[in-house]
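**Student:** Here is what each chain is made of, one letter per residue.
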Amino acid sequence: MDRGLYVAMTGAKQIMQAQAVNNHNIANSSTVGFRADAVSFVSQPIYGVGYPTRVNAVASDSGTDLSSGVLQGTGRDLDVAVNGKGYIAVRGADGTEAYTRAGDLRVGPTGEVTTASGLPVLTEQGPLVVPPATNVTIGSDGTVSVLPLGLAPQAIAQTDRIKLVNPPQKDLQKGDDGLLRLKSGAKAPADPGVTLTSGVLESSNVNAAQSLINMIELQRLYDFQVKSMSSSDQNEQVAEQLMSNAS
Amino acid sequence: MNIALWSAKTGLDAQNTQMAIIANNLANANTTGYKSSRAAFQDLLYQNVRQVGAQSTQNTQYATGLTLGTGVRIVATEKDFTQGSVTQTNGSLDVSIQGRGFFQITMPDGTLAYTRDGSFALDNQGNVVTATGYPLSPAITIPQGTQSVTIGNDGVVSALSAANKSTTIGQIQLADFVNEQGLQPTGSNLLIESAASGAPQVSTPGTNGLGTMQQGALETSNVNTVTELVNMIECQRAYEMNSKAITAVDQMLDYVTTNLT
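The listed protein sequences correspond, in order, to chains S and E. Read in the numbering used here, the first sequence has 211 at position 211, and its numbers run on one by one without any break. Read in the numbering used here, the second sequence has 103 at position 103, and its numbers run on one by one without any break.
To be clear, the hints were calculated from the coordinates, so they are not data collected in a lab. The structure presented is a predicted model; accordingly, all values stated were derived computationally and were not measured. Cβ coordinates follow ideal geometry from the N, Cα and C atoms, glycine included. Be aware that one or more of the hints could be misleading.
Stretches of chain E that chain S covers, calculated by requiring three or more beta carbons in the stretch to come under 8 Å of a beta carbon on chain S [unchecked claim]:
(1) 21-34
(2) 47-58
(3) 69-79
(4) 178-191
(5) 236-249
Bound conformation, chain S alone (with noise of 0.2 Å):
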């Protein structure tokens, strides 16, 4: 058995499943705060009985991108964007705090304030909920002030506070659900530095050349491998020839 045909194939599939969180990001460029994830491959010799000589790549996270999107400006009061680093807290799908930069809020029918895809966004008690109101509006510290509807506008009310968080980056990670947890599991504690920018919404920060630069260096990357495994091929086909001669 020609091992050198095995270890080209997993270097083929691991940089098929690179391209596949490559084509993740591109398909995400739109996505309101998204993250892009980054792939790198981690040489994982096998040893055995013998010279270890074969080196199979696993590919592997590392990690996301947590850089800036752009600012687009969209002049809803509800839109907000987190200045530099930090997160606003929601609570996932799983009931746990998770974290994200996607601040497209919006207010339910019992007055839950949500994130677009429903998940609300939490203060350091807990959901965060605004009475029935004519408007909303979210300071920079994450301060909600409400104008209770019916009333006149000198009785608008502070509510409550948006949980911002802004834990180290090494110990965040990326769930299934494509929200940021800390790695432990435990909750970051509020962070008073963070601040909000209302009336605005972060883009994307997937880098769109980049992207592309990616794909094509992966899908070459990706036809190596085959020509390595087509070489095992044919170096098979000729031992096999020299030996059928040979009898």
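Starting from the known structure of chain S, arrange chain E on it as the hints suggest.
**Tutor:** Coordinates of chain E only, in the frame set by chain S:
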């Protein structure tokens, strides 16, 4: 099934929907009282190929894992209810709402619909109706021989009779919703109440946080054509990139089939 291929396919789907939304906004750039829509994108679930932090041996853990995203979807379209600009038309039955609130319209089946379009007209009975012919609620009937109709800031409608006598003939009421983005658009400039919008709160214009009436003016569409055009360019390029990604994966697979035979 190749995840790289399907991920790019979801991107094409989403951008296609986005383009439909942009096209609808641009098509309605001159529709009275139209509120622009926008799409909310969301990343799809991630496939966990290798769990980070899993035990590699009794005493060590994998420092990195591998999660593959599966693409994107459009999770919602939301309407932007900011005020459109107001144009003067001087039509006596053209009314714009300055601020929050919706006119209530009685549908043919008796239910209520809501609109920001205040370009009213009269039917053959003298009832105030929308351009589609649906009556305003509460109904207002203009008596025969009326010289002119005046609509006050607070929605009071008065008619001037042939004998130069002014009489109040009705009161326009506005409806407000806790979550106006939850209203369901049904076409013909009408929106209907949904479970997400909450129940309507009906009041006199100018009270309870509602806007006031302005006669002889219409609220134009709040579509910002420049923004829509920029969105369209971005959408088109994103579509091209996704289609390029599909081509790339296709070529990769093609390379396998041609070289490994």
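**Student:** For this structure, which hints from the list above don't hold up?
**Tutor:** As far as the earlier hints go, only 1 is violated by this structure.
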